[in-house]
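> Chains as they are written, first to last, in UniProt numbering: chain G, 1 to 318; chain H, 1 to 623.
Fair warning: there could be bad hints in the mix.
[What the hints assert, rightly or not] No farther apart than 27 Å at their CA atoms in a straight line, the calculated lysine-lysine pairs in the DSS-like style are these:
{"#": "1", "chain 1": "G", "residue 1": "Lys5", "chain 2": "G", "residue 2": "Lys88"}
{"#": "2", "chain 1": "H", "residue 1": "Lys552", "chain 2": "H", "residue 2": "Lys565"}
{"#": "3", "chain 1": "H", "residue 1": "Lys593", "chain 2": "H", "residue 2": "Lys325"}
{"#": "4", "chain 1": "G", "residue 1": "Lys248", "chain 2": "G", "residue 2": "Lys302"}
{"#": "5", "chain 1": "G", "residue 1": "Lys240", "chain 2": "G", "residue 2": "Lys302"}
{"#": "6", "chain 1": "G", "residue 1": "Lys240", "chain 2": "H", "residue 2": "Lys565"}
{"#": "7", "chain 1": "G", "residue 1": "Lys248", "chain 2": "H", "residue 2": "Lys565"}
{"#": "8", "chain 1": "G", "residue 1": "Lys5", "chain 2": "H", "residue 2": "Lys565"}
{"#": "9", "chain 1": "G", "residue 1": "Lys302", "chain 2": "H", "residue 2": "Lys565"}
{"#": "10", "chain 1": "G", "residue 1": "Lys5", "chain 2": "G", "residue 2": "Lys302"}
{"#": "11", "chain 1": "G", "residue 1": "Lys108", "chain 2": "G", "residue 2": "Lys88"}
{"#": "12", "chain 1": "G", "residue 1": "Lys116", "chain 2": "G", "residue 2": "Lys105"}
{"#": "13", "chain 1": "H", "residue 1": "Lys301", "chain 2": "G", "residue 2": "Lys105"}
{"#": "14", "chain 1": "H", "residue 1": "Lys325", "chain 2": "H", "residue 2": "Lys301"}
{"#": "15", "chain 1": "H", "residue 1": "Lys325", "chain 2": "H", "residue 2": "Lys552"}
[Claimed, not checked] One-sided excerpt, in silico: chain G residues whose CB lies under 10 Å from chain H:
{"#": "16", "residue": "Leu118"}
{"#": "17", "residue": "Val214"}
{"#": "18", "residue": "Ser218"}
{"#": "19", "residue": "Val256"}
Honestly, the hints are just simulated from the structure, not real lab data. Using N, Cα and C, we set each Cβ at its ideal position, and we do this for glycine too.
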Amino acid sequence: MTALKVRDLSKTFPIGGGLLGRARAGVRAVRPMSFEVQTGETLGIVGESGCGKSTLARMLVGLLEPTTGRIEIEDRPLDNADPAAFGKLIQYVFQDPVSSLNPRKTIKQIMEAPLKRLYGLDAEERMGRIREIFASVNLREEFLDRYPHEFSGGQAQRIGIARALAAAPRIIILDEPVSALDVSVQAQVLNLLAGLREEFNLTYLFISHDLAVVEAVSDRIMVLYFGSVVEIGPAEEVFKTPRHPYTKLLADSAPVVGRALSAPEQKDSELPDPLNPPTGCAFAGRCPRATERCLTAEPELKPLGEHQLAACHHPLEG
Amino acid sequence: MTTFLKLLFRNRLAAVGAVVLAAILLLALITPILPLADPDVTATADRFQRPFSTGHLLGTDHLGRDLLSRLLWGTRLSLAVGIVAALVAATIGSGIGIVAGYFGGRTDNIIMRGVDMLMAFPYILLALAIVAALGPGLMNALIAVAAVNIPFFARNIRGVTVGLAGREFIDAARLAGMGHTRIILTELLPNVLSTIVIAMSTTVGWMILETAGLSFLGLGSQPPQADLGSMLGEARSALITNPHTSVVPGIMIFLIVMSINLLGDGVRDALDPRLRSGALTRPRAVTLVDRRGNVPHADQKGLLNIQQLETQFHVGPRVYRAVNKVSLHVNPGEALGVIGESGSGKSVTALSVMGLVASPPGVITGGAVRYEGEDLLAASYDSLRRKRGNNVAYIFQDPLSTLHPLYRVGDQLIEAIQAHHKVPDAEAKARAIELLKAVRIPNPESRIRNFPHEMSGGMRQRVGIAMALANDPDVIIADEPTTALDVTVQAQILSLLDDLRRERGLAIIFITHDFGVVAQLCDRVAVMYAGRIVEEGPTATILEHPAHPYTKRLMACVPELGGGKRELAAIPGLPPVVSDLPPGCAFAPRCTKATEACQQGEIDLAGTATHTVRCIHPEEELA
Numbered sequence: 001m002t003a004l005k006v007r008d009l010s011k012t013f014p015i016g017g018g019l020l021g022r023a024r025a026g027v028r029a030v031r032p033m034s035f036e037v038q039t040g041e042t043l044g045i046v047g048e049s050g051c052g053k054s055t056l057a058r059m060l061v062g063l064l065e066p067t068t069g070r071i072e073i074e075d076r077p078l079d080n081a082d083p084a085a086f087g088k089l090i091q092y093v094f095q096d097p098v099s100s101l102n103p104r105k106t107i108k109q110i111m112e113a114p115l116k117r118l119y120g121l122d123a124e125e126r127m128g129r130i131r132e133i134f135a136s137v138n139l140r141e142e143f144l145d146r147y148p149h150e151f152s153g154g155q156a157q158r159i160g161i162a163r164a165l166a167a168a169p170r171i172i173i174l175d176e177p178v179s180a181l182d183v184s185v186q187a188q189v190l191n192l193l194a195g196l197r198e199e200f201n202l203t204y205l206f207i208s209h210d211l212a213v214v215e216a217v218s219d220r221i222m223v224l225y226f227g228s229v230v231e232i233g234p235a236e237e238v239f240k241t242p243r244h245p246y247t248k249l250l251a252d253s254a255p256v257v258g259r260a261l262s263a264p265e266q267k268d269s270e271l272p273d274p275l276n277p278p279t280g281c282a283f284a285g286r287c288p289r290a291t292e293r294c295l296t297a298e299p300e301l302k303p304l305g306e307h308q309l310a311a312c313h314h315p316l317e318g
Numbered sequence: 001m002t003t004f005l006k007l008l009f010r011n012r013l014a015a016v017g018a019v020v021l022a023a024i025l026l027l028a029l030i031t032p033i034l035p036l037a038d039p040d041v042t043a044t045a046d047r048f049q050r051p052f053s054t055g056h057l058l059g060t061d062h063l064g065r066d067l068l069s070r071l072l073w074g075t076r077l078s079l080a081v082g083i084v085a086a087l088v089a090a091t092i093g094s095g096i097g098i099v100a101g102y103f104g105g106r107t108d109n110i111i112m113r114g115v116d117m118l119m120a121f122p123y124i125l126l127a128l129a130i131v132a133a134l135g136p137g138l139m140n141a142l143i144a145v146a147a148v149n150i151p152f153f154a155r156n157i158r159g160v161t162v163g164l165a166g167r168e169f170i171d172a173a174r175l176a177g178m179g180h181t182r183i184i185l186t187e188l189l190p191n192v193l194s195t196i197v198i199a200m201s202t203t204v205g206w207m208i209l210e211t212a213g214l215s216f217l218g219l220g221s222q223p224p225q226a227d228l229g230s231m232l233g234e235a236r237s238a239l240i241t242n243p244h245t246s247v248v249p250g251i252m253i254f255l256i257v258m259s260i261n262l263l264g265d266g267v268r269d270a271l272d273p274r275l276r277s278g279a280l281t282r283p284r285a286v287t288l289v290d291r292r293g294n295v296p297h298a299d300q301k302g303l304l305n306i307q308q309l310e311t312q313f314h315v316g317p318r319v320y321r322a323v324n325k326v327s328l329h330v331n332p333g334e335a336l337g338v339i340g341e342s343g344s345g346k347s348v349t350a351l352s353v354m355g356l357v358a359s360p361p362g363v364i365t366g367g368a369v370r371y372e373g374e375d376l377l378a379a380s381y382d383s384l385r386r387k388r389g390n391n392v393a394y395i396f397q398d399p400l401s402t403l404h405p406l407y408r409v410g411d412q413l414i415e416a417i418q419a420h421h422k423v424p425d426a427e428a429k430a431r432a433i434e435l436l437k438a439v440r441i442p443n444p445e446s447r448i449r450n451f452p453h454e455m456s457g458g459m460r461q462r463v464g465i466a467m468a469l470a471n472d473p474d475v476i477i478a479d480e481p482t483t484a485l486d487v488t489v490q491a492q493i494l495s496l497l498d499d500l501r502r503e504r505g506l507a508i509i510f511i512t513h514d515f516g517v518v519a520q521l522c523d524r525v526a527v528m529y530a531g532r533i534v535e536e537g538p539t540a541t542i543l544e545h546p547a548h549p550y551t552k553r554l555m556a557c558v559p560e561l562g563g564g565k566r567e568l569a570a571i572p573g574l575p576p577v578v579s580d581l582p583p584g585c586a587f588a589p590r591c592t593k594a595t596e597a598c599q600q601g602e603i604d605l606a607g608t609a610t611h612t613v614r615c616i617h618p619e620e621e622l623a
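Okay, chain H solo, but in the shape it has when bound (with noise of 0.2 Å):
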C-alpha cells in the first residue's frame, strides 16, 4: 500500500489531483454541518447579488437563493450520484463482463452482441430515452447514467476475463472440484478486481458529467432541489447579465471532473504491472557503459573479442551481477557454443556484444568488446547502429515475438535490407528471395508475401535466420534458436546453421542449455555458472573429459536416448541469485567436492592455451 502512494504521488499531476479533490469531498462531507443559509428558501428581494456580497459570499441565483449553499449540497448530489452510478454500472458490467469471458463460447457472443447493441447508440441520446421512459427524477437520472456506462465496463472486463480463463490456473481449480460459480468468485474476481478498480477510477467523472448533464436539460434533479447540473441549467437564461450564476457551478464541475480525472490518470499508472516495471521508461538505445576499471587492451584474439565484461542489472538498492568478467571469442568460421541454465548471464552475454540490454536497469561496468580490434562498447550510438545486423547480426529464440505480426515477412526482409544499403526495392525484393531459398524455404516467390502467423515455426525461424543473414554479417549471435522448436524442425534448422558458417565462413556464438546441440555444431563451448564463465574449450574435450565438477554433474542430469528407464542423475539444490553471490566457487554449496578454501577468495580460469578450468579440486587435471 505505501508503495503504492508512492508511486501515485510520483505523478505530481495525479498528486494535486487528489489534493483537490479530498478537499472537494471533505467540503461535501461536512456540508451538513456548516453555518449556510437553506439552498431552498428564495428571497426575490436579493436576487442575482454578486458574490463577495454581505452574508452570501458567491452571490445570489435568480430566486435570491444562496450560490454557496447551493454550490455545495449541489456538489453533495452530484457526487453521490456520480459515484453510486460508477459502483452499479461497475458492478452490473463487470458482472457481465466476467460471465461472458468465462464461459466464452455461445454464451459470449450472445451477451457482448447486446452489449453492442447498447454501445451502437449515442450515450446521450440513450439517456434521454431512458429518463424519458422511465419519467424524470434524479434516481431516474442515476439508472440512465449507470445503465449508458455497463457496456464499458462489460468490454473491459471480459477482455482481460478471455485471457485469464484461458489460463491454466482455472483448469486446476476445475480438476480441484470447484463449480462455476466458486471460479468467478474465488479464483477470477481477485485477479480482475484491480482491472475494475482502474476503469472506475477514469469513469467517474464522466458519470458526474453526464448526471449533470441530465440535470442542466431538467431530466435530472427537479427544482427546488439543487444539484451542479439543475444549477447550470437554472443560469442559463441569465449567462449574460450575471454570469456568476453559471461561472459558480461550472467551476465546481471543471474542478471535480479535473481532479478525478488526473487521480484516475494516476491510479492506473501506478496499478498496473506493465506500467509499474517501467514500461513507461523507455529503455535507451544503447545499453549504459560506465565503466570503473581500466579498458583491457586489445589483444589480437578472433573476429569478436569480449573481454573482461561485467553487465550488472541496478534494481533499486540491488545489483545483480549478470556476467561477471567474462572473456570469450569467436573467429571466421567457427562456432562457439555457450551453455548454461537460466539465469546463468549467458543471453545478457550476447546482448552485451551490440549494446542490447535494456537500461535501465541494465549497464555494462566494465570490459571490452572488440570487433576486428575496435572497441563497440566505446563507439557511438550511430557506428553501432550500422553494425547491429550487418556486421554481427542475433537470432532469438522466438521467431513469433521477433517477426512485426502485421507486416509480411518479405517486407521485413526488405527493411532489414534496405536499413543499411540504399538499394532499389526491385533489388530488395530480388535479395529477400534469395535469402529465404538460402534458408531453404520452399517456394520463396510466394512465401515472401506471407504473414508471420501463416508460417509454421520451423519457417519463422528460418525467416528470422534469413533475416540475421540479410547483411553478409561476420558474425550470427544466435540465443537459443531451436528451444522452441519440435525436434524433427530443430535438426533441419541446426544442419541448416552448420551448412552456413561452412559456405560462408561465418562466426556463430550459440547459446543453449542443450549439451547434444552443442556436440553437433559447435566447435569450442563456454560453460557458464552464475554470471562467470566455470570451463571453455574444445567440445570434444569437454564432453569426453569435463574438469569442472557442475559441467560433469549437468552432463550427466540430461538424459540420452537409448539409456532405458533409470534414475538419472540430479544436481540437488538450487543456482544462486545472481544479486547476492558467496565468495569463492558458486557452485561450492551444491558441490560433492567443495572444500573450505572453494569459498574463500576469487578462483582463476587456469589450465592450458585451450582448455580451461575455474576449480581447485578440477576432476581432470589439465596441464
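With the rest of the complex left out, here is chain G (with noise of 0.2 Å):
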C-alpha cells in the first residue's frame, strides 16, 4: 500500500517586499517534486545543507504551506488548514532533541499533549498509554516527573521520538535525529528506530547528511540537490552503481577508514547561490562531466537501470 504520495510538491519563499510592497522574486527552496513511499518502507533523503531537506519535511508535516502541489496519506489528501488532522498521520522527531522539549515543562505534560489533544484520552487512559510507549523506548517511568535539561542528548531523543509514537501516526519524519548524538548512542538510537518500526508497523522518511547512517536504516534512498530530486533508487543500488555524478561525489566525500585522502573534486567549488540561479543542471558548475547542454536545459528524472531513476544528460554507466 502506499503510505505516502507527494505530486509536484514545491516551496518558493519570498525575497523583500515589506509592509506594503510586494515581494518581487523568491528562492525556490524546493522545486516541484513527485515520489511515493510505500508502508513499511524507509525512504532515506540525502543531501547537504540548502538542499531542501528540511523544508521538504516541514511542508509534509503541515508546518509550512506548500506553494504547489498536493501530498497524500494512505490515498487520502491532506487537508493543509487543520494541524491535527497532520498530526495524527504523520510526525515529526527534530534534529536537536533537547530544544525540541519544551524547558518549563516536565516530560510527563509534554507526552500528555499529543494524547489529550489529537485522542482526547482522559488522564487514565493517558497513563496507561505512556507506560506502553515510555516500554518500547526503554524509558523509565521516574523520568516522567523531571524536567528536559535533566536528561543527556540521547536520552532526549528517545523522548522526543517516544512523543512522536504517542500521536499513533502512520509516518514518522526524521530530521537528522542522531546527528546531535554521540557515535556510542546514536548506534542505539538507530537500532530502537528500526525495532519501533516492525512493532508499530512504520513508514520512515529518514533525512540525513550522514550517507552511512542512511545507507544503514534505509530501503530507498532519495538524493537532493538544489531544491530538486537528482537520483532515487533502492538503496544498496544507489551507492553501489550511482548514476548521477552528485550521488557518485557525496559517495566519494565521505571519509572511510583504508581509504588515503584525496579531495574528489576542484578544491574551490561551492553550491550555487539560490538567489541567482544557474539556467540548466544546477550541478553543472562542479560537474565534471558537464557539457554545453547541461547548462541551457535542466534535465528530468529518468529511469536508469531497473529501479533506479536519476536526472542527467549524461549518467554515469550502471
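Two chains, each in its own frame: build the complex with the hints.
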C-alpha cells in the first residue's frame, strides 16, 4: 500500500517586500517534486545543507504551507488547514533533541499533549498509553516528573521519539535524528528506531547528511541537490552504482577507513547561489561531465536501470 | 527560590534597595491604622510650620495640613498608581509582544509599526496628550502612564518571543494538536514570564516618577487628595521661603525610585540565566594554574609535549576532572588525532595548551605543557600571548562564531598578522591575500572585502584556517574543524590541511569524533574516555588491531558506507560524568570483559614504545 504520495510539491520563499511592497522574487527552496513511499518502508533523504530537505520535511508535516502540489497519506489528500489532521497521520522527530522539548514542562506534560489534544484521552488512559510507549523506547517511568535539561542527548532524543509515537502516526519523519548524538549513542537510537518500525508497522522518512547512517537504515534513497531530486532508487543500487555524478561525489567524499585522502573535486567549488540560480542543471558548475547542453536544459528524472531514476543528461554507466 | 534570594542579596546595593523599599511599602500599608492627623483638614493659622514642631513631626504645608500625614497617604497613592500602571502596561504590552512575535510576518509588521508610532512621540508629551483628551484625574493619569509604557514591554517581549517561536518545541506542540491560543498560553508564556518580571521590576520606578510628573502639572490627583507629585506641585510657590514642603515629598520620591531601581537591577542579574552562569565574572586572560604536585621533567619528546596534564572544573562543591593525567606529544610535520565522545576531555586538553580554558571554573592542577622544552604553564601572560597564534594556533569547530560578524574577513586577517608583527598595512593586506590564496579561496582580492555572513560554511572555515596560518605557526590545534561542514566540503578542507602540513612541516593536533577522518589524515591517534587516554598508537595499527575494548566497540558503532541495511553495534549505557568517577577503569560498567580487578585501583598505560593501552584485559596483547 502507498503510505505517502507527493505530487508536484514545491516551496518558494518570497524575498524582499515589506508591509506594503509586493515580494519581487523568490528563493525556490524545493522545486516541484513527486515521489511515493510504501507502507513499512524507510525512504532515506540525503543532501547537503541548503538542498531543501528540511523545507520538504516541514511541508510534509504541515508546519509549512506548500507553494504548489498535493500530499496524500494512504490515498487521502491532506487538509492543509488543520494541523491536528496532520498530527495523527504524520509526526516529526527533530534534530536537536533538547531544543525540541519545552524547558518549562515536565516530561509527563510533554507526553500528554498529543494524547489529550489529538485523541482526547482521559487521565487514566493517557497514563496507560505513556507506560506502553515508554516501555517500547526503553525509558524509565520515573523520568516522567523530571524536566528536559536533566537528560543527556540520547535520552532526550528517545523522549522525542516517544512523543512522536504518542500520536500513533502512520508515518514518522526523522530529521537528522542522530546527528547531535555521540557515536556510541547514535547506534542505540538507530537500532531502537528499526525495532519500533517493525513493532508499529511504521513508515519512515529518514533525513540525514550522513550517507553511512542513511544506508544502514534505508530501503530506498532519494538524493536532493539544490531543491530537486537528482537520483532515487533502492539503497544498495544507489550507492553501488550511482547514476548521477553528484551521488558519486557524495559517496566519494565520505571519509572511509582505509581510503587515501584526496579531494574528490576541484578545491574551490561552491554551491550555486539560490538568489541567482543557474540555468540548466544546477550541478553543472561542479560536474566533471558537464557539457553545453547541461548549462541550458534542465534534466528530467528518467529511469536508468531497473528501479533507479536520475536527473542527468550524461548519467554514469551502471 | 532560596538560591534566587541568595544571588539577589549577594548584590549589596540590591539588598539596600530591598530593605528601603520594604520599609516604605510597610509604612504605606499600615498608614490607615497609624495615629495620624487627617491629611485634608486645613488650618490656615498653622501654615508653614517647620519640621519637628509640636504636633507636626514634618511640619505643615501652605494650608496648615500635616505634612507627615499627607506624605504617607500620598506615598500610598503614588505607589498604588505606579504599580497598577506597571501591571496594566506589562499585561497589555506583553500580550501585544507575544502575539506579534509568535505570528510574525504581516501581523508582526502591522502591530510593531503601530507600536513604533507610539514610541515616536516623546513620552511625556504623549502622556500629556492622553490626559488632555481624557481630562485631568488620577485614573486618567494612570491610563496615560500605562499607555506610554506599553511599547517598552511590547518590544522587549516580542524580541524574546521571536527567538522562542522559532524553537523546535513550538513546532512539536503544533504537531501535538495544540491551537494558537494554547501554544501561546502554555508553551510561550512560561518561558517569557521571567523576562516580563525583569522588565517590570526595572520600570515601576519610572512609572511612579511619571505619575508624579503628571500630578505635579496638576493633571493627576485633584485637590485636596495628596499624592507625591501634587504635593511637590503645591509646594512649588513656596520653594524659596519654605523649602521643607518640597524637600519632604522630594526625598520620598528619591527613596522610592532609587530603591526600586537598585532592587530591579539585582532582580535582573539574579534571574537572567546568562548572568547567573557567571557571564558577569569575566574569565581571566589565562587559565588559572595551581599545580599541587611536582612538575614533570622535560623529556625531549616532540615539538609540543603535554605531560601528565590535569585540568579540572571547580563548580560549587563539585570537582569535574575533565583532563586526568594526559600525556601527548607531536613532532613537526606530524598529525596526531585525538578521538573521543563529547565530555571525554579532548577539547579541554587542547584549550589547556595555551591557557584558554575559561577560569573560573577551570583550573590546571598538574602536569606541564612544553613547547620546544619551555613550560607554557609556568610562562607569564605576555610570553604566552606572544606565542598564541604565532607559535601555536587554533582552528575551531564553528567558523561563524569565531569570526567577528561586523568586520570584513580581510581586516580580521590583517589584525591577526599585525598582532604579532609590526608590518605596514599594505604589506599586511598583501599577506592576507596570499593566505586566502593558500587556503584556495577563489578571487582572494575581492573575497577579502567579504563579511563572514557573505561566505559559505566551507569558505568561512578556510578563512579560519588562513587566520591560524597567518603567523606561520609550528603547531596547529584543530578542534573538530569539519564537524559543522557538509561531506563534500569536509573532504576539501581535510585535503587542504594535509597539503599544508606537508608543504610547511606543520604539526597538527586534530580533535574529532570521526574515525574516518582520523584514518585519512593522522599518523598517530590517541583515544580518550572520561578524561583519560585509554589507547595511543599509530593510526593504522589501532584501526586494524584496537587493543582497548572501548576503541574496538566505538569503531564498531560507526556505520561505514557500503555495508547495506543492517543492525548496528551499540555500546549500552552512557559515558560517566567526570565529577564522580568510579575507581579503576571508567569504561568498566559498560564493558563486557570487565572483571572485579578492573574497578580496583589505578590502571596504567602499558604496551610497546609506540602502542600503549590502559586495560588489564586488552583485545590484543601488546608485547
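> Against each hint, give a clear statement of whether it holds in the structure.
Status of each hint after checking the structure:
no.	hint	in the structure
1	G:Lys5 - G:Lys88	holds (17 Å)
2	H:Lys552 - H:Lys565	holds (21 Å)
3	H:Lys593 - H:Lys325	holds (24 Å)
4	G:Lys248 - G:Lys302	holds (17 Å)
5	G:Lys240 - G:Lys302	holds (19 Å)
6	G:Lys240 - H:Lys565	holds (13 Å)
7	G:Lys248 - H:Lys565	holds (19 Å)
8	G:Lys5 - H:Lys565	holds (24 Å)
9	G:Lys302 - H:Lys565	holds (25 Å)
10	G:Lys5 - G:Lys302	holds (18 Å)
11	G:Lys108 - G:Lys88	holds (19 Å)
12	G:Lys116 - G:Lys105	holds (15 Å)
13	H:Lys301 - G:Lys105	violated (53 Å)
14	H:Lys325 - H:Lys301	holds (17 Å)
15	H:Lys325 - H:Lys552	holds (23 Å)
16	Leu118	holds (4 Å)
17	Val214	holds (9 Å)
18	Ser218	holds (7 Å)
19	Val256	holds (6 Å)
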